[in-house]
Amino acid sequence: GTPQKYDPTFKGPIYDRGCTDVICCVLLVIAIVGYVVVGVVAWTHGDPRKVIYPTDSRGQFCGQQGTPNEYVFRLAAIAHRCPGIAGETVTLGWARAFTCRPPVSSCPIQICVSKCPDRYLTYLSAYSSRTPSELEYYQQFCVPEFKNLQKAPIEVLKDKECPAMIIPSTPLARRCFPAIRAKKGVIMVGNETTYDDGRGRRRNVTELLEGAKKANVVLETRQLAMKIFEDYTVSWYWIIIGLVIAMVASLIFIVLLRFLAGIMVWVMIVMVILVLGYGIFHCYMEYAKLKGEAGSDVSLKDLGFQTDLRVYLHLRQTWLAFMIILCIVEVVIILLLIFLRKRILIAIALIKEASRAVGHIMMSLLFPLCTFFLLCLCIAYWASTAVFLSTSNEAVYKVFNETACQFSGQTCKPETFNTSNVTKLCPDAQCLFAFYGGETAYHKYLIVLQFFNVFMFFWLANFVIALGQVTLAGAFASYYWAFKKPDDMPAFPLFSAFGRALRYHTGSLAFGSLILAIVQVIRVTLEYLDHRLKAADNKFAKFLLSCLKCCFWCLEKFIKFLNRNAYIMIAVYGTNFCTSARNAFFLLMRNIIRVAVLDKVTDFLFFLGKLLIVGSVGILAFFFFTQRIKLVQDTAPSLNYYWVPILTVIVGSYLIAHGFFSVYGMCVDTLFLCFLEDLERNDGSAEKPYFMSPNLKKLLKKTNKGQPDA
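Add 720 to a position in the sequence shown, counting from 1, and you land on the number used in our numbering.
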């Protein structure tokens, strides 16, 4: 690309600018309107209760519609094949009851009950009991239509109006599961190891294990969640104190970078050289020690490939190869330091200058909270729309029966089923709720609406991030291009940059975020296909898919890098997205070595900062919550799991440090691009003075002739 020419009217971020990429702005507005329409339609048709509450065999929610019955109970307990749908096997009613979709055929019939069974009881024993209370208790676990208590038990069981037996159960997620527990290694339900299945046979309770396995996992998870919640209730204020310490430490680290950046970078470089030097020395000592030992002179070629890698450590040739590789790396690093020392000094100076810029625009450290809030809105809208879309299907009813029937598995309507020909041809057939679906145009295109929901989420999330980057870039650019820092800076640089971004460059931000969203949606699609093809044996398809995933991963990283620098150019010059991306790309390519050096130096400093902050706060939290600090030993709360607040503090500290350093990183990138532009546009004369700081001018041996340095 052609270097930038001097522009006498340019004095920093241009205020007199026009709207850019208007077409993309219009597309974004139309897409948002369409997204709102999709959300309204989803909220109109959807019903999240389908995810939360169980349903009976008629598709009615338990505990809803004014009924006190809150729990779902299945009339069948033992695994058997469903005659209604060919090839479908149900393993215990309780296992299937835990899923969101009720049975498709004649397997367990679900009813809503006010409470779960608390005893062992068979229908035959309840019917034969002399006390009416036994049968009345049993009746609440029968279908609602069952009223004739004098009906013969064989007829009741044949018509599936009542279960053959009930066992002690535990309510979990509004579903009744066997109350399984282990006592001294013996599996029991209630206090029994066997039970009467209601057909005259004794069965072992271990037959119920498979059906209740998921329930036990969820029950244990719930108990764990309750203990974790208790830990949070007694330690939340200490967690907040830890996060405040992390925030203060992040701020102090950024301020100290102004003074310690150079020291930290050079200490790191010296440490790398010393470590490599020790590695060379160690390899030489091992090489010399193996001299004369039996088998140590065997070549790697003669030895061939060995699964036990320790075999290679007994060969002199291995240590010689290690020593040669380390020597080459050492020489390369030393040569790079000799030839790139000036560029390393420039990178350090820019990092120090970024610390000063952040110090003059302290509000920039709080701006990520705005971005975080907008991202939370995007996530909440996407998640709620996805839930409403996935629950906007209608109840579908199927014909099920015990004997052979040509209508088995077909769709039916409960309102007209009793008067249809199905009941005449198949007397034992019933029309029961099967699952949620639909055959209307809306239901057929639900997958398209879900895809649109995912796409809009990526687009809006990337737009919010882009808005934050442009705002920060505009604020920090106003600092760099102020000839007298900070006197020539605008009064509210952050708010001015935010207003310019929304007023003039919504279209450009939409353009850049749209490109990134398309690539991300493709990546999500490839991940979905990869998940579906895991069980396939087509190795070529898997190889091709892996190559595509790798390519689009690299493409996403490149687009993020290009967008970030394009947004900086947009904030400074007010040009459209394509022009800004092209100018930023060519500007960086003309200074590729400086770019590489600055990128690695800042990456190291950010890594060191995050490691220092997260590690320090995490260690402090560990010693505090494990009561190892004697001064505050009595103050630390008593916990079920001390790792709960510790992990919370560590994760929170990382997020806080990441938020601070993301602002700092944007500042470094903005100042770097402005610095490169400054070098190309100006020459230090009275007409074209440099805007860089005195330290950078001194480092580059440049001065502003006829004007004192700011």
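Source of the hints: derived by calculation from the structure; they are not laboratory data.
Each hint should be verified, as a subset may be incorrect.
[Unchecked claim] Computed beta-carbon distance windows for the label pairs:
{"id": "1", "residue 1": "Phe979", "residue 2": "Leu944", "range": "23 to 31 Å"}
{"id": "2", "residue 1": "Thr941", "residue 2": "Asn868", "range": "38 to 46 Å"}
{"id": "3", "residue 1": "Asp1257", "residue 2": "Leu1222", "range": "37 to 45 Å"}
{"id": "4", "residue 1": "Asp1354", "residue 2": "Met991", "range": "40 to 48 Å"}
{"id": "5", "residue 1": "Val771", "residue 2": "Trp1363", "range": "25 to 33 Å"}
{"id": "6", "residue 1": "Cys1274", "residue 2": "Ile1045", "range": "45 to 53 Å"}
{"id": "7", "residue 1": "Asp1257", "residue 2": "Gly1024", "range": "46 to 54 Å"}
{"id": "8", "residue 1": "Phe1343", "residue 2": "Leu1222", "range": "44 to 52 Å"}
{"id": "9", "residue 1": "Gln1170", "residue 2": "Ala1255", "range": "53 to 61 Å"}
{"id": "10", "residue 1": "Phe1342", "residue 2": "Phe949", "range": "17 to 25 Å"}
{"id": "11", "residue 1": "Trp763", "residue 2": "Thr941", "range": "26 to 34 Å"}
{"id": "12", "residue 1": "Phe1343", "residue 2": "Gln943", "range": "39 to 47 Å"}
[What the hints assert, rightly or not] Taking lysine to aspartate or glutamate pairs in the EDC-like style, the calculated list, with each CA pair at most 20 Å apart, reads:
{"id": "13", "residue 1": "Lys878", "residue 2": "Glu865"}
{"id": "14", "residue 1": "Lys1021", "residue 2": "Glu1050"}
{"id": "15", "residue 1": "Lys1204", "residue 2": "Asp1354"}
{"id": "16", "residue 1": "Lys1421", "residue 2": "Asp1398"}
{"id": "17", "residue 1": "Lys1164", "residue 2": "Glu1114"}
Model, not experiment: these values are computed from the prediction.
A virtual CB, placed ideally from N, CA and C, is assigned to each residue, including glycine.
Against the structure, the hints come out as follows:
1. At about 47 Å, the CB distance of Phe979 to Leu944 disagrees with the hint of 23 to 31 Å.
2. Taking 38 to 46 Å as the suggested C-beta distance range, the pair Thr941 and Asn868 conforms, at roughly 43 Å.
3. With their beta carbons about 53 Å apart, Asp1257 and Leu1222 fall outside the hinted range of 37 to 45 Å.
4. For Asp1354 paired with Met991, a C-beta distance near 41 Å keeps the hint of 40 to 48 Å intact.
5. Checked against the hint of 25 to 33 Å, the C-beta distance between Val771 and Trp1363 comes to roughly 31 Å, which is consistent with it.
6. A C-beta distance of roughly 27 Å is found between Cys1274 and Ile1045, which places it outside the suggested range of 45 to 53 Å.
7. Checked against the given bound of 46 to 54 Å, the beta carbons of Asp1257 and Gly1024, roughly 31 Å apart, lie outside it.
8. Hint check: Phe1343 to Leu1222, Cβ distance near 47 Å, so the stated range 44 to 52 Å holds.
9. Remark: the range hint 53 to 61 Å for Gln1170 to Ala1255 is contradicted by a beta-carbon distance near 23 Å.
10. A hinted range of 17 to 25 Å holds for the C-beta pair Phe1342 and Phe949, which are about 21 Å apart.
11. Take Trp763 and Thr941: their Cβ atoms lie about 30 Å apart, and the range 26 to 34 Å holds.
12. Restraint check, Phe1343 to Gln943: a C-beta distance of roughly 28 Å breaks the suggested window 39 to 47 Å.
13. For the proposed pair Lys878 and Glu865, the alpha carbon gap of about 15 Å is at most 20 Å, so the pair holds.
14. Distance check on the hinted pair: Lys1021 and Glu1050 sit about 27 Å apart at the alpha-carbon level, beyond 20 Å; violated.
15. Simply put, Lys1204 and Asp1354 have alpha-carbon atoms about 55 Å apart, too far for the 20 Å limit, and the pair is violated.
16. Our distance criterion of 20 Å between C-alpha atoms is met by Lys1421 and Asp1398, whose separation comes to about 15 Å.
17. The suggested pairing of Lys1164 with Glu1114 holds, with an alpha-carbon distance near 12 Å, which does not exceed 20 Å.
The structure fails to meet hints 1, 3, 6, 7, 9, 12, 14 and 15 from the earlier list, while all remaining hints are met.
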